[in-house]
Amino acid sequence: MDTKDSKEEPEKYDLKGETEEKSKYFECENCNLKVKYDYFGLEPPFLTKYKLKEESFVMKDPFTSVKKGEILILGANCIKCKKCVCKDPNCSFYFNGTYCVVCAKSCISSFPLNVQEKLNKIVI
Amino acid sequence: MSKGNYSNNSKYFCDEKRKHDQHEERLTKRKRSSSSEYKKVEYYKRELTRFLEDQGNIQSIEDFWKFFEKYENLQKLKKSEFDRNFLLNVDFKEKPSVIYDRLPVLDKNGRKVNIVYEDFKEFILIIKVYNDFQQRTKFAKLKKIEKMKCELPISQYKSEIISKLNESRVLLIAGDTGCGKSTQVPQYVLEAGYKKIVCTQPRRIACISLSKRVAYETLSEFHSTVGYQIKFEKSKRADTAIIFMTEGLLLRQASEETTLNSYDIIILDEVHERHLFSDFLIGVMKCLLYKRNDFKLILMSATINLELFQNYFVNEHVQVVQVPGRLYPIEVHYLPIIKDPYERQRNQFNCTPYLQIIQTIDEKYPSNQKGDLLIFLNGFSEISKLTEAVLNYSQKKLNWIVLPLHSTLSLEDQDKVFDYPPEGVRKCIISTNIAETSVTIDGIRFVIDSGKVNRMIYYTGGSFNKLSETTISQDSAKQRMGRAGRTGPGVCFRLYSEEEFNKFEPFTPAEIHLVPLESLLLYMISLGLNDISNFPFLEKPSVKSLEEAVEKLKFTGALKLNKDSLELTSLGQALSNLPVDLTIGKMLILSTVFGNVNSILALAALLSVQSPISQSSHKNLEAETLRQPLESSHGDPLTYLNFYKEWLCIKQSSTLVSRNYESESSRTWSRKRCLEEQRFYEVTKLLEQFRDILHDAELLTKGIEPSMSSGERSIRHGELKNLKSMRYQMKHDEKSRRRKQLKYDNFGECVEEEHKTDLRDVEFRITNDFKKLQSLLNDTSANSFKDVMLLKLILTSGLYPQIAVEDEHNYSKTVSERLFHTKFKNFVFLRPTSYFVSNPEILELHDDDIEVPPPNYFSRRPVSRKHQLLVYQSILETKKVYLVNVFRMPVLQTLMLFGKRICTNSSFTKFVFDDFLSVDVPYFGQGSKLLKMATVLRKKWKVNLEHKLENPVRSCNVNEKDVFCFVEDLIRYMNTDVSYNVKRLLTADLKSIYNKQCKFFEGEDLFNPFDDHFVINENVTFGGVNLTENVIYNCLVDEEWAWDMEEQVVSCDATCDLCGVRLMKGATVFRRLQHEVRCLQQQTSGKSVEEEITLKTKSNAKSFECDFCKKSLLLTPVEILRHKKSCVS
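These protein sequences, in sequence, are chains A and B. So the mapping is simple: our numbering equals the position in the first sequence, first residue as 1, plus 344. So the mapping is simple: our numbering equals the position in the second sequence, first residue as 1, plus 70.
Calculated from the structure, these hints are not laboratory results. On a predicted model such as this, the values are computed, not experimentally measured, just so you know. Careful, some of the hints might be misleading.
Here are the simulated DSSO-like pairs of lysine-lysine, each with C-alpha atoms no more than 30 Å apart in a straight line [as the list claims (entries may be wrong)]:
#  : chain 1 : residue 1 : chain 2 : residue 2
1  : B       : Lys573    : B       : Lys409
2  : B       : Lys217    : A       : Lys378
3  : A       : Lys427    : B       : Lys208
4  : B       : Lys148    : A       : Lys412
5  : B       : Lys573    : A       : Lys395
6  : B       : Lys573    : A       : Lys424
7  : B       : Lys361    : B       : Lys409
8  : B       : Lys409    : A       : Lys395
9  : B       : Lys409    : A       : Lys427
10 : B       : Lys265    : A       : Lys368
11 : A       : Lys393    : B       : Lys191
12 : B       : Lys265    : A       : Lys424
13 : A       : Lys411    : B       : Lys282
If you want the ones that stay clear, here's a sample from chain A, every Cβ over 10 Å from chain B, calculated [unchecked claim]:
#  : residue
14 : Asn374
15 : Gly385
16 : Tyr394
17 : Lys395
18 : Phe407
19 : Ser409
20 : Cys425
21 : Lys426
22 : Tyr438
23 : Val445
24 : Val446
25 : Lys449
26 : Ile452
27 : Asn458
C-beta: ideal position from N, C-alpha, C; glycine also.
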């Protein structure tokens, strides 16, 4: 899966440009949310009991202790247009794969009825 | 199961599923046949707890079951026509069938757990849905944080800030409160790629709250990316990128360059507050910019007095970013208090105007409109008065929760102001100026500004602090007003008129003009900034205050003048390494000489924190009675030491969680005695910190930890493990705790807290194990007179010349009216909580103690061997002038040991100490004997101290015996019986007491009986001769009784007790002393004295030619008369 466009490199500034470990940033192409992420893929090493059904951008849960082994899924690439979108209900929709809102709306008829209802509520 | 293939990337999914399903079918059949008693999943709530935790990684089981119920109910209503799994992006790693086998086997009754496999699959699905729901909430939370960050006014300036920072080495960010600079700028800088960012704060409370906030915003609450470091604690690790610390700490690090070098961005926040060390820090940074070119400096300030900073950094090409604050409109009402000129108590604080405004708020604004009230008052007593009044006011409607806020409150109590009130109730926060800039409380809609502030001002002339009520500056008034408009439009009531406002000074004066500068100066010189007048001060302090500081440092012996440039002595060098007050530092150093380190550490720590006796303690008789057995008749510091020791005892005997009522927790113990337990925790931490400081300064070797048996060690290990997990849990709870809702009834809370474990207690027990406690306890006890006296001597050595004597007329006054005098400040009182206020008789002379003066001597002042003076820690002027932390010492012994300039007459019967006290010792020989002892001890003291400072970590054993003997000598000296009276000198007296003539030693025997290495020389200023660094002999104008006494001695023949040589009539007092000392010296060295004391001239002798016998003689006036008489007859 193409992840290049989402791996935002930290912009370089003159003084300390040569930072050893470059932070990986996740950036939603819909709402411009920009957050550092820890892992991209299906099986985050810090997740013991669960696995992801699609390759996603994941960070260790910032709201609980690291020891608890919880994660926070930030977003994934749209399975249609490959755009990188975040989990915000106004940015993406999941139904057996992540759709960005635009793609979801465009193929709305392929979803079951009550899913369509939900989709209709989202205003772009 | 519905098999609709709605997605195009789920092919492999389906294959998997088919295989899966076949397997499952078999499974279902088998499981179903094994038993017939199936139960619903909910039935096994209790048994499934472990399963949910281990297999589902669910944190809050309770929460899950609530969700479970709701979800089940919802599903009953609508039947989904597709597999709900399609909506979930997370799945279990293992197949449901595998997980099914992990179900618990037996239920609580020992029966087999029976769950239908279909039910189980549904259960697994709900777990996943629950997790999905959790993800959504967490993601929403993250979004909210990001959104909030974006909405801050400063966020629009983010790129400007970063680009200007890249262009320049100094950046000034000026933004009004609420623009978000303190929280955002460190984050921006971090994002820009800087890795070691330090941000200073003037207050430690802000360091903690900011580090918490920034950690939360950078989503690293549970990492160590953001940390803080304050005087008592730090949360910093190797990977910490942003660290908040107090200004003082960064300054300390400026001397250890290695640490400072590791920062690439130094942010100084709140520079507009103009604290002494923040001003100095700016100066140091300016110098550092030229020394190092690999770091950048960011100054952050409110939009006050920007030009000052801009001009200061003009040569460094400072860049400026100005951020407007986010303020909603604020209505300002000027409501000056009109005072009744005939009212007798018109200067007293009056609550009425405040209550009236509160009433107006109640009437005008419906209670469903939210918004709290913040009242700015000047001091503690005003705050407590108004707190009570507002409580009374709201008693009926119960619609106000009153929260005082000032720096003496514990952090926990301070935190209460952030909690939210119940519906329909407003918070009323009554605060000092702490809420002006440092503590920011959201939700404030109303502000009442008294227009007053208590400002601590140091007066150079008298060396005392005055806490005086003054009007605030215009700029503070604006800050106060601004607090009302942070979350919505607000109202500000100013209890002064607009004209008055216009008369306020525009800016609050910088601290450098208000405080003593010794520590700053000492610190500067230790950094090599000797040329004080050329240091780039942001604002130059007055010459006078600098001069006074230099004088003080010289007096303490920290500074000496070497070829016109100031230089640190070894003591000064050591003192500058100790980040404590000068006096405390001196005590700490001395404790390492005398070896009673622990007690002094405890005392020094007790003197460095606020008094452990709570301010609300007065008139609480019960508490006073309970405290009584622990009080020390020697004075306040030793009383505090006893409190602390007892508290340690209680700690040791009580268990962590007190379930039984028999053992009293230290918290209860403290509260019953009106003691602030917080202070003792602080003391414990500070004490260890002082110890570390001494280790670092190489004045103390690391003590060998008391060895533990393996059994003890394993017990301790277990205990520690337990404690640490407890701390972890508590800290975690604290973090995940939401803002607490305030309860109306504040009194009920205490009972509940009683049985709650105290985090401070847990931390205390982690750092202090039983054995360590035991040794601390043993060492801090000062039971024998010897111990106490030694402690007092060390304290005195640190605090001298801070001494006070009683007013002569005290006997006729009530206890609270008794007055004391210090050298520079007359008419001072004891603080109401001082030991001597409740026990005034300790300082009084009893009739038995007053001695009959010798014949010829007359004075109104009683002669006694029990005169005492008070040594104090500081003078504080509030409404009255108070001595803070006093203890008693015998007068003459103390003065002779610590006096800087000791002047005496020719017969050692009169002494004047440091232009302050004059002592008559009308018994011949007592004065010289005591002075002789004192000079020997002083010399030893100095030698010991220097030896210690030169070879910091010397092997202790060598000198232990010496020190022991020295201490014995000191105690013996302090107990020497000598009878005298004491007079406080007035300025007028000083003009006439010195004879200013040096006429004694021409052609004389120059043997110095006080110090044979010290060359006797003339003293031009006062007269007489210098016998030691501190003693000037024969410079006082003698009074008649002294004359007579000398005459009597001189006119008698005496025989030396040691060598039997006759001391001829006419030999001067000094000659006799010389002989005595020489005799003693030679006796000890085994030689005999071959010297005859012959007639020698006296100091005031003149050459005289007798008209009758025609002899020319050297005689004193009295002798001349006598000679004439005899010649005539």
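Is the claim that asparagine 458/A lies outside the interface with chain B correct, judged by CB distances over 10 Å?
At roughly 7 Å from the nearest Cβ of chain B, asparagine 458/A sits no farther out than 10 Å, so the non-interface label is violated.
Take a quick look at valine 446/A and tell me if its Cβ sits farther than 10 Å from every Cβ on chain B, holds or violated.
Its Cβ never comes within 10 Å of chain B, the nearest being 17 Å, so this holds.
Between lysine 409/B and lysine 395/A, does the CA-CA distance stay at or below 30 Å?
violated (75 Å)
Against the 30 Å threshold, does the CA-CA distance of lysine 217/B and lysine 378/A hold or violate the hint?
With Cα atoms ~11 Å apart, lysine 217/B and lysine 378/A stay inside 30 Å; holds.
Run the C-beta distances from tyrosine 394/A to all of chain B and say if the shortest one exceeds 10 Å.
violated (5 Å)
Quick check for students: does the CB of tyrosine 438/A sit more than 10 Å from each CB in chain B?
violated (5 Å)
Measure nothing beyond the straight line between the CA atoms of lysine 573/B and lysine 395/A; if it is 30 Å or shorter, mark the hint as holding.
Distance ~70 Å between lysine 573/B and lysine 395/A Cα, so the pair is violated.
Restraint status (C-alpha distance of lysine 427/A to lysine 208/B at most 30 Å):
holds (23 Å)
Going straight from one Cα to the other, do lysine 573/B and lysine 409/B come out at no more than 30 Å?
Given pair lysine 573/B, lysine 409/B holds - Cα atoms ~19 Å apart, limit 30 Å.
For cysteine 425/A, which was marked as not at the interface, is the minimum beta-carbon distance to chain B over 10 Å?
holds (14 Å)
Least C-beta distance from glycine 385/A to chain B larger than 10 Å
holds (13 Å)
If you draw a straight line from the CA of lysine 411/A to the CA of lysine 282/B, is it 30 Å or shorter?
Judged against 30 Å, a Cα distance of about 19 Å means the pair holds.
Checked against the numbered hints above, the structure breaks hints 4, 5, 6, 7, 8, 9, 12, 16, 17, 18, 19, 22 and 27 and satisfies the rest.
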